[in-house]
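Start from the sequences and build out the full structure, keeping to the hints where you can.
There are 2 protein chains.
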Amino acid sequence: MKSIKAAGVIGAGVIGSGWVARLLLNGIDVFVYDPSKEAPKYVNKVIDNAERAYNKLLTSNLPKKGKLLFSASISEVAKSCELIIEAVPERLSIKQSAYEEIESSADKNLVIASSTSGILPSDLQAKMKHPERLLVAHPFNPVYLLPLVEIVGGSKTSKNVIEETSKKFTNIGMFPLHIKKEIPAFIADRLLESVWREALWLVNDDIATTEEIDDAIRYGFGLRWAQMGLFETYRLAGGEAGMRHFISQFGPCLEWPWTHLMDVPEFTDELIEKVSSQSDHQSGQFSIDELTEKRDDNLVDFLKVLKDNQWGAGNSLKEFDESLSGSINKIEFSELNLSSPILTYVSKVPKEWADYNGHMTEARYLECFSEATTEMMSIIGADEEYILNIGSYFTVETHIRHLDEVQIGESIKAKTQVIFGENKKLHLFHWLNHEDGRLLATAEHMLIHVDLKTRGASMPNDLVLKRMGLVYEAHKKLPKPEGINRAVGDKF
Amino acid sequence: MKSIKAAGVIGAGVIGSGWVARLLLNGIDVFVYDPSKEAPKYVNKVIDNAERAYNKLLTSNLPKKGKLLFSASISEVAKSCELIIEAVPERLSIKQSAYEEIESSADKNLVIASSTSGILPSDLQAKMKHPERLLVAHPFNPVYLLPLVEIVGGSKTSKNVIEETSKKFTNIGMFPLHIKKEIPAFIADRLLESVWREALWLVNDDIATTEEIDDAIRYGFGLRWAQMGLFETYRLAGGEAGMRHFISQFGPCLEWPWTHLMDVPEFTDELIEKVSSQSDHQSGQFSIDELTEKRDDNLVDFLKVLKDNQWGAGNSLKEFDESLSGSINKIEFSELNLSSPILTYVSKVPKEWADYNGHMTEARYLECFSEATTEMMSIIGADEEYILNIGSYFTVETHIRHLDEVQIGESIKAKTQVIFGENKKLHLFHWLNHEDGRLLATAEHMLIHVDLKTRGASMPNDLVLKRMGLVYEAHKKLPKPEGINRAVGDKF
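If you read the sequences in order, they're chains A and B. Position one of the first sequence corresponds to residue 1 (the working numbering), numbered consecutively onward. Position one of the second sequence corresponds to residue 1 (the working numbering), numbered consecutively onward.
These aren't lab readings, by the way, just hints derived from the structure by calculation. Careful, some of the hints might be misleading.
As the list claims (entries may be wrong) - Taking lysine-lysine pairs in the DSBU-like style, the calculated list, with each CA pair at most 35 Å apart, reads:
no.	chain 1	residue 1	chain 2	residue 2
1	B	Lys318	A	Lys45
2	B	Lys415	A	Lys424
3	B	Lys180	A	Lys348
4	A	Lys318	B	Lys453
5	A	Lys294	B	Lys318
6	A	Lys274	A	Lys67
7	B	Lys424	A	Lys480
8	B	Lys274	A	Lys159
9	B	Lys424	A	Lys318
10	A	Lys424	B	Lys294
11	B	Lys351	A	Lys425
12	B	Lys348	A	Lys294
13	B	Lys348	A	Lys318
14	A	Lys65	B	Lys453
15	B	Lys424	A	Lys351
16	A	Lys415	B	Lys425
17	B	Lys351	A	Lys41
18	B	Lys274	A	Lys413
19	A	Lys79	A	Lys159
20	A	Lys318	B	Lys294
21	A	Lys413	B	Lys180
22	B	Lys453	A	Lys56
23	A	Lys274	B	Lys129
24	A	Lys415	B	Lys491
Rendered as structure tokens:
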């Protein structure tokens, strides 16, 4: 959505507000319409939650936050933007009258994306003047964190609208899943619906409480589904013989009377009371805010795990984070300014780097410096490929001065001076600064070049020797850093 | 299962082998019976996978691995152990004849736990001599990683057997969920069955491929279910008004024709072929071994996230890991031996501490030393409570010598000497050693006591001053550590 400057969101409930937060934090101005007086308060709360989560989720800095504007009417929104997300209640007539109001004011190129969880796009667009502009974009709560958005076109939706809008969702970190055939409830909600129904029977018949059912999910198959879904998991359960074996073994169970498929539970007051009071018993010790925070923390950490493991939803995060990241020294070596220490590290302090007080723990200072060393190695030619094929630098000695504190989410950067660089030896000095300028720590490292096969000291290749020499020649003209050559306990 | 020395496993397929691995790595001897000649090879492979995963999952050392013994018959197994896990094919007659053979040789106190995914325990125990000894203990693949085990008793099962066996499962890191009413397929498989059926329809009707369905799960609600399950998630979707609001809003959708509830898909050759070939297309680029490794890595990391966040399945892991951990200095200060450096850190190198070569990265050395510092602080009285209420020690300066390498899963420990300890100053020297004795690194730290409110230097309280003095008095008689007082680049 890089090209979009402004989007509109009609309806600011749980889903609408989640959209607002995701759009806004991606630098897009958002016009919101919701008739409720409480809407601005709730929207701002969801934005706060999203900012809190993104600060932990992303290593890159987000673009400047978009402007949040509450509009007095749907048509006011429609006049101001290129894309409208519709998130009004799930009734066809309410949605259709919203589209009518939008179309009365909008440019014909405006695209309308409905967040409906189940109504067919062909029905949604039935009465529209320009039905080709409508598609379903069904997201999942919390919209600012979960990547999935189901994309469904109706019989009159333009292919181009589907393609272009999908790209825009990818640009704001989402995973658009294009569902080719229209079907009520699309894919995910059909699956959820079947589980929900079965679960309600289990509660209704006193087989299990809501808590026991949740535990049966989250201590078991829920952990599998966060990464592989249903079919890939079963492929593994089939062992070496894979899916064919699994089906031949377990397929017949389908005909066993294991589910309440033939019945629909009636929503009596008694059942509603049972589910609600069990849910209170299960989760009532946490406020909704506390549960939201816990959920978001877990989601953030799952997504980061998957990003590190290059799997599933982590791939969406990886692409998104990389698309945001500013480049450090993405220029040629020859264009590098060697007349001052070199920028070698830029990041934000992630959540897991902090102690219980929210301050970065001491070991993470060395992690920053280690990254800065890696960048300096890369600059002189000892990059990833070199490390895989030729050799590397091993740190043999480190000295750190801890000078000031930094908190989660704050931005930090490091610069580096080469103190000595000849033959097998590389002596570096790093400064780590807060974005506000404060010097947080310094580090001094002695590194030795090693051959990765023998893991013993060895000479770098010619390119590395040459570049290291050039940086060293330039940097030895710089003043000697304050705090160099100290032993622990020396007088300041 | 601390009290159990030997268990038996009848049937060594995917589930049986998973049980074998979990039992064995908990120090329990396991007698296995499986008629297949391939069984030993497969069981050993699953054990390898489990060891690989546990090395990454646990910070504590596992007990000495149990003995793996393949038995020639079911009755041989039955003679040798106190608990038998039955994991033979899902046919009542096969299971019943296994129980008959077990009962012909077993002591009457032997407990039989069936891994059935759906057969009622009352049916399983119908023909048994001692039906009170049978219960269902339904685990989830991979059994060595997923904590859930559904515990279901039949009409004749002894309450005592249910309670005692559940405790044994808790002791080996599992989460026994006692299901009070018998129902075919219990809880989890009823939910899975309903989703599986719906998913097969979606494939059958060409609405979505297996990959699209898996993506709809793992980019969306699967991430929620790994932590909260169904009801708690929906409680949040209801916003502040919680579950009652959610039900009143979404309950009526249950009556919409959103699922194929009324039909059962027929397992035609065509459908089997469609599912299998789509699954090949989706996942065929990975071997089953590769997929298993990826799945286990993700599960390990999810469980660790949940442990850190003190949530759901992470709580089972936390208890399990803590129950394994050896105690460091759990004795009174007065009983501590001060005549040599003090043991301050014992751990195994976790997966995420390693570089792509499997070696511990440089920043993690400081993390070990930081933990050792924390333990030394705790020894002299600056423990968690002190830090929360009075003050703490901040590291102002660090010197590290990197002397040798260590790999993922290897055990390491640190000991600490107090070099100076008076008033606000604490000067420490740590040695980090491999379990094989090699010295991996040393660290020297200057710490200053600070008041947590002003975050400025301050005096420790009397207890800390006194204990620090006692350790310092004793340690200053020790030889000065080799490598102390170095600046980076000093000649060795």
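Hints and how they fare:
As the CA atoms of Lys318/B and Lys45/A are separated by approximately 33 Å, the hinted pair is consistent with the 35 Å bound. Among the hinted pairs, Lys415/B with Lys424/A is consistent with the structure: their alpha-carbon atoms are about 32 Å apart, no more than 35 Å. For the hint pairing Lys180/B with Lys348/A, the CA-to-CA distance comes to about 49 Å; that exceeds 35 Å, so the pair is violated. With a C-alpha separation of about 39 Å, the suggested pairing of Lys318/A with Lys453/B is violated against the 35 Å cut-off.
Taken as a hint, the Lys294/A and Lys318/B pair is honoured in the structure, with Cα atoms around 17 Å apart against an allowance of 35 Å. For the given pair, Lys274/A sits about 44 Å from Lys67/A by alpha-carbon distance, which is inconsistent with the 35 Å threshold. For the suggested pair Lys424/B and Lys480/A, the alpha carbons sit about 31 Å apart, so the restraint of at most 35 Å is met. For the hint pairing Lys274/B with Lys159/A, the CA-to-CA distance comes to about 27 Å; that is within 35 Å, so the pair holds.
With a C-alpha separation of about 46 Å, the suggested pair Lys424/B and Lys318/A falls outside the 35 Å cut-off, and the hint is violated. Taking the CA atoms of Lys424/A and Lys294/B, the gap is about 38 Å. The hint is violated against a cut of 35 Å. Among the hinted pairs, Lys351/B with Lys425/A is consistent with the structure: their alpha-carbon atoms are about 30 Å apart, no more than 35 Å. Of the pairs offered as hints, the one joining Lys348/B and Lys294/A holds, with about 28 Å between alpha carbons and a cut-off of 35 Å not exceeded.
Distance check on the hinted pair: Lys348/B and Lys318/A sit about 29 Å apart at the alpha-carbon level, within 35 Å; holds. Taking the CA atoms of Lys65/A and Lys453/B, the gap is near 34 Å; set against the 35 Å cutoff, the hint holds. Simply put, Lys424/B and Lys351/A have alpha-carbon atoms about 30 Å apart, close enough for the 35 Å limit, and the pair holds. In summary, the hint linking Lys415/A to Lys425/B is supported, as the alpha carbons are separated by about 30 Å, within the 35 Å threshold.
Pair hint Lys351/B plus Lys41/A does not hold up; C-alpha atoms about 43 Å apart against a cutoff of 35 Å. The hinted pair formed by Lys274/B and Lys413/A fails the criterion: a straight-line CA distance of about 53 Å is larger than 35 Å. Taken as a hint, the Lys79/A and Lys159/A pair is honoured in the structure, with Cα atoms around 24 Å apart against an allowance of 35 Å. At most 35 Å may separate the alpha-carbon atoms for a hinted pair to count; Lys318/A and Lys294/B meet this at roughly 17 Å.
Restraint check for Lys413/A and Lys180/B: the C-alpha separation of about 57 Å exceeds 35 Å, so the hint is violated. A hinted pair counts as satisfied when its Cα atoms are at most 35 Å apart, and Lys453/B with Lys56/A qualifies at roughly 26 Å. Restraint check for Lys274/A and Lys129/B: not satisfied, since their Cα atoms lie roughly 40 Å apart, outside the 35 Å limit. Distance hint between Lys415/A and Lys491/B is fulfilled; the C-alpha atoms sit about 26 Å from each other, no more than 35 Å.
The structure shown violates the earlier hints numbered 3, 4, 6, 9, 10, 17, 18, 21, 23.
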